[in-house]
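Chemist: Residues per chain, in single letters:
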Amino acid sequence: MIQQSKIVINNLNFYYQKKQAIRDFSLEIPGNEILAVFGPANSGTTTLLRTLNRLCDLIPGTHMEGEILLDGKNIFAPDISVTELRRKIGMVFDVPTPLPMSIFDNIAYGPRLSGKKTKASLTDDVERALHMAALWDEVKDRLHTPAMRLSGGQQQRLCIARVLALEPEVILLDRPCSALDPVSTAKIEESLKQLKEQFTIIIAPHNVQQAGRIADRVAFMLMGSLIEQGITAEVFENPKDKRTSDYITGRFG
Amino acid sequence: MKVSSRTAQKAAKILIWASALLVIVILLAIVIFILIKGVPEISWQFLTEIPRNMGRDGGISSTIVGTLLVTAVAVIIATPFGVGTAFYLTEYTREGKVTRIIRFSAESLSGIPSIVYGLFGFIFFVMYLKLGWSILSGGLTLAVMILPTIIRTSEEAIRTVSYQYREVSFSLGGTKWQTITRAVFPSAIRGIAVGVILGIGRCVAETAAVILTAGSALRMPGSIFSPTRTMAEHFYILAREGISMEKAYGTAALLIILIFIINVVANMLVNRFVAKGR
Numbered sequence: 056m057i058q059q060s061k062i063v064i065n066n067l068n069f070y071y072q073k074k075q076a077i078r079d080f081s082l083e084i085p086g087n088e089i090l091a092v093f094g095p096a097n098s099g100t101t102t103l104l105r106t107l108n109r110l111c112d113l114i115p116g117t118h119m120e121g122e123i124l125l126d127g128k129n130i131f132a133p134d135i136s137v138t139e140l141r142r143k144i145g146m147v148f149d150v151p152t153p154l155p156m157s158i159f160d161n162i163a164y165g166p167r168l169s170g171k172k173t174k175a176s177l178t179d180d181v182e183r184a185l186h187m188a189a190l191w192d193e194v195k196d197r198l199h200t201p202a203m204r205l206s207g208g209q210q211q212r213l214c215i216a217r218v219l220a221l222e223p224e225v226i227l228l229d230r231p232c233s234a235l236d237p238v239s240t241a242k243i244e245e246s247l248k249q250l251k252e253q254f255t256i257i258i259a260p261h262n263v264q265q266a267g268r269i270a271d272r273v274a275f276m277l278m279g280s281l282i283e284q285g286i287t288a289e290v291f292e293n294p295k296d297k298r299t300s301d302y303i304t305g306r307f308g
Numbered sequence: 148m149k150v151s152s153r154t155a156q157k158a159a160k161i162l163i164w165a166s167a168l169l170v171i172v173i174l175l176a177i178v179i180f181i182l183i184k185g186v187p188e189i190s191w192q193f194l195t196e197i198p199r200n201m202g203r204d205g206g207i208s209s210t211i212v213g214t215l216l217v218t219a220v221a222v223i224i225a226t227p228f229g230v231g232t233a234f235y236l237t238e239y240t241r242e243g244k245v246t247r248i249i250r251f252s253a254e255s256l257s258g259i260p261s262i263v264y265g266l267f268g269f270i271f272f273v274m275y276l277k278l279g280w281s282i283l284s285g286g287l288t289l290a291v292m293i294l295p296t297i298i299r300t301s302e303e304a305i306r307t308v309s310y311q312y313r314e315v316s317f318s319l320g321g322t323k324w325q326t327i328t329r330a331v332f333p334s335a336i337r338g339i340a341v342g343v344i345l346g347i348g349r350c351v352a353e354t355a356a357v358i359l360t361a362g363s364a365l366r367m368p369g370s371i372f373s374p375t376r377t378m379a380e381h382f383y384i385l386a387r388e389g390i391s392m393e394k395a396y397g398t399a400a401l402l403i404i405l406i407f408i409i410n411v412v413a414n415m416l417v418n419r420f421v422a423k424g425r
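In the order they appear, the protein sequences are chains A and B.
Quick note: the first sequence uses this note's numbering, first residue 56, plus one each step.
Quick note: the second sequence uses this note's numbering, first residue 148, plus one each step.
It is worth saying that the hints were derived from the structure and are not from the lab.
We treat Cβ as the ideally placed atom computed from N, Cα and C, and that holds for glycine.
Among the clues, some could well be false.
[What the hints assert, rightly or not] Below are the EDC-like pairs computed for lysine to aspartate or glutamate, each with C-alpha atoms no more than 20 Å apart in a straight line:
1) B:Lys323 x A:Asp134
2) A:Lys61 x A:Glu139
3) B:Lys323 x A:Asp112
4) A:Lys128 x A:Asp192
5) A:Lys143 x B:Glu314
6) B:Lys323 x A:Glu83
[Said to hold, decoys possible] Label pairs and their computed distance ranges (CB to CB):
7) B:Thr322 x A:Glu193: 28 to 34 Å
8) B:Met415 x A:Glu193: 29 to 35 Å
9) A:Ser206 x B:Ser309: 43 to 49 Å
10) B:Ile171 x A:Gly116: 45 to 51 Å
11) A:Lys172 x B:Ala364: 46 to 52 Å
12) B:Trp324 x A:Gly116: 34 to 40 Å
13) A:Gln59 x B:Lys323: 32 to 38 Å
14) B:Glu303 x A:Ser206: 27 to 33 Å
15) A:Val150 x B:Ile248: 32 to 38 Å
16) B:Leu168 x A:Glu245: 55 to 61 Å
17) A:Lys128 x B:Tyr235: 18 to 24 Å
18) A:His186 x B:Ile171: 51 to 57 Å
19) A:Asp79 x B:Phe251: 42 to 48 Å
20) A:Ala175 x B:Tyr235: 35 to 41 Å
[Claimed, not checked] Some residues of chain B that are not near chain A, with every Cβ distance over 12 Å (derived):
21) Thr154
22) Leu169
23) Tyr310
24) Tyr312
25) Gly321
26) Met415
Please model the complete structure; the sequences and the hints are all you need to start from.
Modeler: This is the structure we're talking about:
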């Protein structure tokens with residue numbers, strides 16, 4: 056069973072100074088599926104995603120306990136290269152975050168960091184990533200125009216393409232559609248369903264409905280603790296915990 | 148007596164407009180006065196010949212070269228240190244004793260009168276390091292003088308760069324250095340350039356500090372170890388010693404034009420550099 060799981064989280068605790076954001080969290084995440092980690096605000100979903108690629112390291116005064124295994128290897132082990140880890144586990148943020156440069160340079164940013172220089176290989180990477188994020192047709196004629204000029208939905212797909220250009224193994228998405236309109240949201244959800252063939256996707260959805268639409272598995276969090284997890288249909292139709300059913304049916308949150 | 152809010156609104160508007168207008172009028176008056184007095188003095192000969200007869204005759208070519216070289220030395224030395232310090236303060240350390248000491252030092256330095264820098268430069272660079280009265284001594288002294296300006300403006304520019312850019316760069320596997328050079332610096336360059344341009348302006352206009360460190364030689368400098376005289380210094384001496392008011396105005400006018408050109412060129416360079424991304 057353990058071999059099949061892409062990521063295994065064991066007894067994770069995470070603290071911002073004294074405030075505990077994640078409490079004794081354990082979860083196995085299978086590969087090539089979409090996992091939705093959902094819960095009301097301050098339930099720890101963002102923190103959880105940020106521990107998975109160690110972006111949390113950047114915040115001073117935090118500390119964590121427990122372990123996170125990626126393919127059986129603890130990502131907090133001293134011999135792990137954080138930059139390599141972040142290339143394997145990409146992150147898409149809640150608001151679109153294009154860098155102030157051209158579309159091409161945005162996508163090529165990651166490959167260039169790892170030393171790729173030749174124009175030909177970068178062009179290949181950029182085109183492939185844009186195709187996968189279903190953005191190629193809309194931007195192929197203006198790759199060298201500023202990414203800031205794209206619409207919000209396009210910008211967010213650009214951010215997904217930027218992660219894909221690194222050929223990651225896992226993609227983390229932190230409420231990626233919270234700033235987008237329904238049409239853009241639908242496009243992104245559609246591409247995520249395609250992408251799970253090749254990647255493991257972990258998403259903090261911006262509402263319960265989104266989790267229901269796209270996720271193979273869901274994990275419900277409350278105040279930093281894992282309340283319930285399982286196959287989406289099972290959890291949604293037959294929640295074992297009353298808090299889960301209350302949240303899903305909209306009685307709170 | 149009660150003033151209606153409408154009257155108060157009108158009065159405020161007039162006062163605010165008047166103060167803005169006054170500032171512009173004073174500035175224009177000075178510039179126009181100098182240009183009217185000075186521009187007729189500017190000729191090909193004025194630009195290309197070195198001063199003769201203590202500056203009474205000939206041109207001011209050697210002082211133009213001197214000004215540009217002293218300024219160049221100062222900016223080339225101060226910019227990397229200033230920008231480096233700004234990056235240290237913003238990216239490499241947390242707020243604490245060290246940052247407070249650095250910031251306090253920089254602020255104190257920016258409040259010191261330039262003649263004190265001149266005296267320091269004279270004692271340290273000219274005498275102690277035996278650099279003599281030279282372009283190098285003058286440039287080093289000015290570098291120390293403009294350092295606080297460059298640090299402060301760069302620091303502000305770097306701080307205004309969105310934290311998201313840093314986060315994105317880190318999340319794509321960037322190291323700290325890659326993040327600073329590829330994501331933060333390009334976004335901050337415009338603000339950093341403002342600091343450097345302010346520094347250039349101060350160098351070009353400085354008199355007291357260079358008179359004590361670069362000397363006041365009128366011949367064409369042969370190297371950065373030669374003594375020289377800057378334009379500001381030149382017209383100070385011309386006017387003070389009553390050598391030639393005409394040449395003093397000519398030099399002053401040219402100085403204003405030079406500062407204007409430096410500003411325009413620097414802005415163009417920055418725009419060219421930044422334009423790609425926006």
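Chemist: Which numbered conditions among the earlier hints are violated in the structure presented, ordered from lowest to highest?
Modeler: 4, 6, 9, 12, 17, 23, 24, 25
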